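Peer 1: If you read the sequences in order, they're chains R and Z.
Per our numbering, the very first residue in the first sequence carries number 884; after that it's consecutive.
Per our numbering, the very first residue in the second sequence carries number 338; after that it's consecutive.
Derived from the structure by calculation, the hints contain no laboratory data.
Keep in mind the model is a prediction, meaning the values are calculated, not measured.
We put the beta carbon where it would ideally sit given N, CA and C, even for glycine.
Heads up, some of the hints might be wrong.
[Stated by the list, open to error] One side of the interface only, derived from the structure: several residues of chain R facing chain Z at Cβ under 8 Å:
| no. | residue |
| --- | --- |
| 1 | Cys907 |
| 2 | Val910 |
| 3 | Met932 |
| 4 | Ala941 |
| 5 | Arg946 |
[What the hints assert, rightly or not] In silico negatives: residues of chain Z with every beta carbon more than 12 Å from chain R:
| no. | residue |
| --- | --- |
| 6 | Val363 |
| 7 | Ala473 |
| 8 | Val490 |
| 9 | Ser661 |
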Amino acid sequence: MPPNASQGSTSGPTMILGVIGADCHAVGNRILELAFREAGLNVVNLGVMVSQEEFIAAAIETRAAAIVVSSLYGHGEMDCRGFREKCVEAGLGGILLYVGGNLVVGKADFAGVEAKFRAMGFDRVFGPGSGPEHGIAALKDDLRARGVAFG
Amino acid sequence: MAEGRVHLLADVGSTFTKLCLVDAAVPAVLGWAAAPTTVATDVNAGFDAALAQLGPEAARAGRTLASSSAAGGLRIAAVGLVPELTMKAARLAALGAGGRVVEAFAFRLTSADLERLRALRPDMVLLAGGTDGGDAEHILHNARALASGLPDVPIVVAGNRGARDEIAGILAGRPAVRFADNVMPDVRRLDLDPARECIRELFLERIVSAKGLDRLRSRAEVVMPTPEAVLRAVALLSRGHASSPGLGELMAVDIGGATTDVYSCAEGRPASPAVVLRGLPEPFEKRTVEADIGMRHTLASLLEQCQAADLAGAAGAPTDAVRSWAEAAGRDPGHLPASEGEHRIDLALAAAGIRLAAERHCGWLEEAYTPEGRVWIQEGKDLGPVRWVVGSGGPLAAAGSRAGELLAGIRRAPGSVRLLPAAPQFLADRRYLLWAMGLLAADEPAAALELMKRHLEPC
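Just chain Z, with the same shape it has in the complex (with noise of 0.2 Å):
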């Protein structure tokens, strides 16, 4: 029987259909099942094959909420004026909403640039462009040129408040536009909650049912991509609800087979005075992607990054190994390590590609001289005083009790400019449960706080 506290989260990936049961009144995790994902004809033979290894525990769930990041997640193409300055806004926003950047634009759309959108086929536009009251120019013939060059596509309108009628008028009569605040209403500041939650909307309303996950909708309701579903359970994790504190200020890396993600929830500020900030102010609640990192689909340019005799020397591996290895397991997803030589490839091949995918999230420091002697320029976030780091993803469940080593390398090395965490504890993720709290996070965030306290490890 259905019972208001026990919800049923699922999560669509791109391999896996995974199933989190929580009743949330214990609070307890019931169960947990996967299956793969069977998006490309019916995404519910595939959760419903997990569903049937939950058994009739799950019947009492009141609630299924999901997230989803299957067909190519949610695909955004970011389009700003200044590259460093409102298309660097668009981009934070489109990736703090769950999304991928597909590409992101700067200063006027040419038509070989609408080709490029034609090709790229993204799920939606995020179009930006001056700061409110700055210039209108640039994103009016933007917006000019989308209308006319790419009619179908969805478009989160979010630059210059000063030239939003008129690019309402531009836009008439296209079916998904939508209008958020400006994500840099003055130089140097953000604000990008607004356009997430239009990106949201538009995603539920417009997307899900593009990709055939509406399809769901007998069984499930899909909420959100899963990697904001992420976003929400880090956030909660850090900032704690009601009487239960949060951790603080933290960092996670969700590693999968294609990206990897970094989340932090921190201030970021320089650590001293002498200290000079330059560039953007980045978001408290930040996550980037690393297209080019994962232990399977992107091995290959891993492994190009780093120096395969590092790597066979973290692993007690020779270096053919290790390009055989990788060789085998980028061609073949499902490709499992079969050896304990092998695990301990995989394994240095997860710590390269977490602790580079952590040193391109966090800020840097740049010496500088000037006549009154030496000062440091600083230039996104300074993850110093961060204390806690989640790791999460397949290979953290895959590592045991060795998750600890795929983590270590997200420690500031000394003398080193790139601004990690200084002294940190690790958590690892094993269950696989972020996604799930994120989910739940909205209806019961104290139980979401709690099972995450009870089931992130020390590692």
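Next comes chain R alone, as it looks inside the complex (with noise of 0.2 Å):
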């Protein structure tokens, strides 16, 4: 069975939210949570100062079909490092994790940065110029893929 599929859930698949780390930007996060909410997600939004270990226990309850991490101030990286191997450690190998926002300090090459978040384990990486619909878009394609489909 899909992640979250036919479980008797009221909307379609569900999705964590949160801004990651120490990080208190909460007006993005807010207008996150309505966009993807109108696009048909279930989104369970923790808000700002999430942990990874936050993350990961709400999408285990809640079996999550991906977790989208919004990092604003610059230390993402820092934040971000090791999240797919506990992923992996708690059993949800397999979830979407997405990640955008300032990721890094400065006008870094985004190129480079999408790299180098590639490479920790992110099935997506969004800049600072994308906007909702960008996430949006991506998800329905990754979900689809996997055999969900929603919206």
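Work from the hints to combine the two standalone chains into their complex.
Peer 2: Okay, here's the thing in structure tokens:
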């Protein structure tokens, strides 16, 4: 059975959303929540200052299809290190892992940033310029590839 | 002659069976008595001994309601999925129902876990796991494990709604199974009352007779575990009833010989928007039990957690005297202070235990540094605004005019990260009424509230 596809959930597939680390940026998080919800996802929003462990715990309980991590304050690389490995340890090795925001300090070349986060096990990486619609479109494609449709 | 509004209230405790006769029409406490509990032989002997002390007045009672914490109390094993989410939710629900959580289990129950469960012999298992529409695999695995590995134990299922039908199939044919709404329907939202109610139903239907309390039947109706009665009393005192206002947000501590119970009726939200709340939200009516803090059976572990030297300072006694008192009283639960010095040591130990239990009950702050500066993270409830703290239990009754000293530690120290009440006023339950008023509350809430307001004494 695909994750969360037919277990009595009232809306579409479940995703975990939150801002990682010691990052208090709440506004973008709220906008993402509304956008993903509007697109038909069952959004579990953990808010700001979320640890890797909290993302993973919520994903286990809800049998989430994806974890969408935001990082706006430039310390994303530090905060996200080892995230995929922890998912694997927790039995969530196959979960979709997205990250987006101002992931590094300064004006780094986005291709380099993307490559770095891909190497860390993130399925999709979104830069400062991308809006919620990019994430939603990507999630639709990736979930469809896994046999889950929504929206 | 029996009168409709006279109630006889009974509590079959682990040590004493207590009776409290109340006329709700006045309202007034007409009498109070206690005798050693005799649940190991025939619970009625202790009940009758206490009843005899009340004299002929007791015959006026129209209804006799009882609570019980005898024979180990209500021993519950909590099973959830993730430790800090549904396992914690199951634990909170069990505590809120007046249970004692003998152990909590997360993820998949293993054969070693089942072995452990068989050895623990819980009265009941509370099985949670998964949000509604979330993970079903673990709770199904655990239901199967319990079905084959723990055949006779009553089970309350309060997990993922989507798994309920399948679990009903797995547990079909078992006599004592109840299904409640999920204790954690969404991540970070708790719904504990339905599970609490099912636990109470099973307690009445199964546990009461299993513990030999059904022998009381011709004398009293056992309706709930003692801690649940106390929680109901505290909730009524906080909320008020009809036109009679309650005291608002409050906290209560009940220190016993083996354990210490702490209750709070408070929102506990962060005091400022600059504080970020982390972890599971906690229920408005929250109960915790400290199994290692008590004035007799668990005195050794209490002493271990406090500095004997600090206690000696507080008691104005030599450190050796504190140690030898703790040894003697820990060995013999009936041991009583024989001198003013021992009395002071006993008080200092009780005050330290009460403070420790209260600190564990309330939330705490943690500092975090962000590029925008320092922020605070709060975990658990901030009881800062709580105005009233009620103290109950043997030491409070024995402390006389010094009850206030026992509770004085329940106050947030400047700079402390423990979110205790900032400026509380203390009340002592010298007449040991809380459990009785909790029993009375269902039939006569106005009288129960009035009697608590009258008899809880500022200290």
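Peer 1: Just checking, serine 661/Z versus chain R, shortest CB gap more than 12 Å?
Peer 2: Consistent with the label, serine 661/Z stays out of reach of chain R, its closest Cβ about 46 Å off (over 12 Å).
Peer 1: Is it correct that the beta-carbon of valine 490/Z has no partner in chain R closer than or equal to 12 Å?
Peer 2: Valine 490/Z clear of chain R: closest Cβ-Cβ about 25 Å, beyond 12 Å.
Peer 1: Taking 8 Å as the limit, does the beta-carbon of alanine 941/R come near enough to a beta-carbon in chain Z?
Peer 2: With a minimum Cβ separation of about 5 Å from chain Z (threshold 8 Å), the hint on alanine 941/R holds.
Peer 1: Does the nearest C-beta of chain Z fall within a distance shorter than 8 Å of the C-beta of cysteine 907/R?
Peer 2: Holds. Min distance 6 Å.
Peer 1: Taking the least C-beta to C-beta distance, is methionine 932/R closer than 8 Å to chain Z?
Peer 2: Holds, about 5 Å.
Peer 1: Can the hint on valine 910/R be confirmed by a CB-to-CB distance to chain Z that is less than 8 Å?
Peer 2: 13 Å, violated
Peer 1: Classify the hint on arginine 946/R as holds or violated, based on whether any CB of chain Z lies nearer than 8 Å to its CB.
Peer 2: With Cβ-Cβ at 4 Å, under 8 Å, it holds.
Peer 1: Beyond 12 Å from chain R, beta-carbon-wise, is valine 363/Z?
Peer 2: 51 Å, holds
Peer 1: Quick check for students: does the CB of alanine 473/Z sit more than 12 Å from each CB in chain R?
Peer 2: Not fine: 6 Å to the nearest Cβ puts alanine 473/Z too close to chain R.
Checked against the numbered hints listed earlier, the structure breaks hints 2, 7; every other hint is satisfied.
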